[in-house]
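The listed protein sequences derive, respectively, from chains A and B. Under my numbering, residues 287 to 628 are what the first sequence spells out, in order. Under my numbering, residues 287 to 628 are what the second sequence spells out, in order.
None of these hints come from the bench; they were simulated from the model. Keep in mind that the hints are not guaranteed to be accurate.
What the hints assert, rightly or not - Some chain A residues near chain B, calculated using beta-carbon distances under 8 Å:
(1) M539
(2) L556
(3) A561
(4) F566
Heads up, the beta-carbon is just placed ideally off N, CA and C, and yes, glycines get one too.
2 protein chains.
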Amino acid sequence: MTAIYQRIVLASRPRGKVSIENFRSETAVQTPVAALRADEVLVRNLYLSLDPYMRGRMSAAKSYAAPQPLDQTMIGTTAGVVIASGYAGLKPGDHVTGRLGWAEMGVASGADLLKVDADALPLSTYLGAVGMPGVAAWYGVNRILNARPGQTLVVSAAAGAVGSVVGQLARLKGCRVVGIAGGARKCEYVTDQLGFDACVDYKQARSAEALLSSVRAAAPDGIDLLFENVGSDVLDASLACLNPYAKVALCGMVAGYNGAAQPLHNAGKLLTMRASLQGFIITEHMEIWPQALAELAHLAQNGQLACHETIAQGLSAAPQAFIDMLDGRNLGKQLVQLHKNL
Amino acid sequence: MTAIYQRIVLASRPRGKVSIENFRSETAVQTPVAALRADEVLVRNLYLSLDPYMRGRMSAAKSYAAPQPLDQTMIGTTAGVVIASGYAGLKPGDHVTGRLGWAEMGVASGADLLKVDADALPLSTYLGAVGMPGVAAWYGVNRILNARPGQTLVVSAAAGAVGSVVGQLARLKGCRVVGIAGGARKCEYVTDQLGFDACVDYKQARSAEALLSSVRAAAPDGIDLLFENVGSDVLDASLACLNPYAKVALCGMVAGYNGAAQPLHNAGKLLTMRASLQGFIITEHMEIWPQALAELAHLAQNGQLACHETIAQGLSAAPQAFIDMLDGRNLGKQLVQLHKNL
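Bound conformation, chain A alone (with noise of 0.2 Å):
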């Protein structure tokens, strides 16, 4: 069986903002079933989730990873159906998370995929707040903020698919949890549905010291707990707040992401305050994965884990899907469904 299928290759480094022509789709032929090598799986993959951290693998800088090649699949964590397997461990039917990347399906070595359960939770949320995310989410408030009862910890991008899980994880450990979030919508949602005590709009706020008032007026008794995902003004608000002892997990800081200064102006507080920060990323902490994993999913599974997605309709969709998130346009997960036309 040969197929046709589409994939989005990097054409081009964005120079500040990512655009349109970044990317480039192409029609791809899938090597015959055949010829898959022993340990091999075909998949077919039906979501692909978009994450912040993509735009810094667009960029030639030196970072944590290896930049994406140009003219090659555009990296992605993707979930599907197992089409055809010469691995033991899968077999045709099952479902599957990889990195698969920007495309319509895709071979992997088995030990690369992780079969989860389409039955147990709707495929998408593997992606989500039983994926990656979660997991990022699970491993700052556990192991970095290590979060406890009475304490007050601030999430930014809350609406987001990381900061949403973040938020739910702190509220189950008793914490009081205020959100920054881009908009009323996205404030309304983390409060009224995901159960947060407060959430800033920061689009709201004129002004630097206006959005300082603000935080400080949601986090009346400072910020014992920091999960940033944002960074720039929005981090320089939280540091402002920050209490003595103050924990910092520095998960993103997407407002730089596109290469616009971002400039902190507040980060003496880190020393007066005594505070800790640390960078991280999820995917240098494995260890962790099958234990986050599990309390996750469990979560899920017994409704005390929510999370909204934004889900974009076939591949072509994925260039703009990409360019709105970074901008703050998507309500929880970003998703794209893929075309089901193998």
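Since the structure of chain A is already known, use the hints to place chain B on it.
Chain B only, in chain A's frame:
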């Protein structure tokens, strides 16, 4: 016996740079020795330590400690000799360090004084390398940075009381040590007399880019450990050179102590390099002082730990010496030798 002595009080809070007018000298009358309560000790102060943290206390802003009250004797650590004692553990002639402030004499509870051996080391050393600055260096190097052989450690304000000890301790642990200091004289001092491997003169750099290039050249393998005393552009240059999993001990940000804006542009490196950062105030870690002081005294007696001293003469010289220190005019530990007019 009644004695007349001089003290210096905080007359007004500085707005921006500290000026002589923020201080006022007063004549005070010492209570007769006969009036000493049990446990109280009358001390003739021989040396006053001038330290950057005092600038923070001069402001009314909330920080880790209460502000220095107006019209009260300026806080400060002192080394002196016991004149009279109602405390069992101290007798006249004993040498002690304490927090008697900017004054030629004072009374303290005996439990708040530390008896030191002025035969083993010069008395002034107990205010520097074998005092609070030395303990701050020891804590950062041993408990936050956990310096190991072969690592590159960068320390700013390298010729200062803390920085000079940081570099020497790290050298003894087998680190490659790079200092950052202001001026050729300071750089020569730390490389030629303290044995640092290299030193960057930040005053030679005409731009942030030039400073970054200098730090890169001095730390060609990147920075594993950073002991930060300065903040601002100096911190930015070091942040840009951080290696993966770098550790940062944040001890001071003296560049901002006069209220000048000190935006940080490279905080994103804390994320991309998965760095950890810990702000600390050494007086909050009293449990490590005995061990730290013992080790530092041992090294100093063996000639393995040096610290230059800049000594102003007479209490009346203290305000200008303090201002000069904030401007970086001192080399090593800034002290004031007090009148001996008892």
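| request: So, F566/A near chain B? Judge it on the closest CB pair being under 8 Å. | output: Holds - the Cβ of F566/A comes within 8 Å of chain B, reaching about 6 Å at its closest.
| task | Mind checking the CB of M539/A against every CB in chain B and telling me if the closest is under 8 Å? | result | OK, holds: M539/A within 8 Å of chain B, min 5 Å.
| query | Is the hint on L556/A kept, meaning its closest Cβ partner in chain B is under 8 Å away? | reply | 5 Å, holds
| task | Let me know if the C-beta of A561/A comes in closer than 8 Å to any C-beta of chain B, holds or violated. | result | 5 Å, holds
Hint check: no violations occur; every hint is consistent with the structure.
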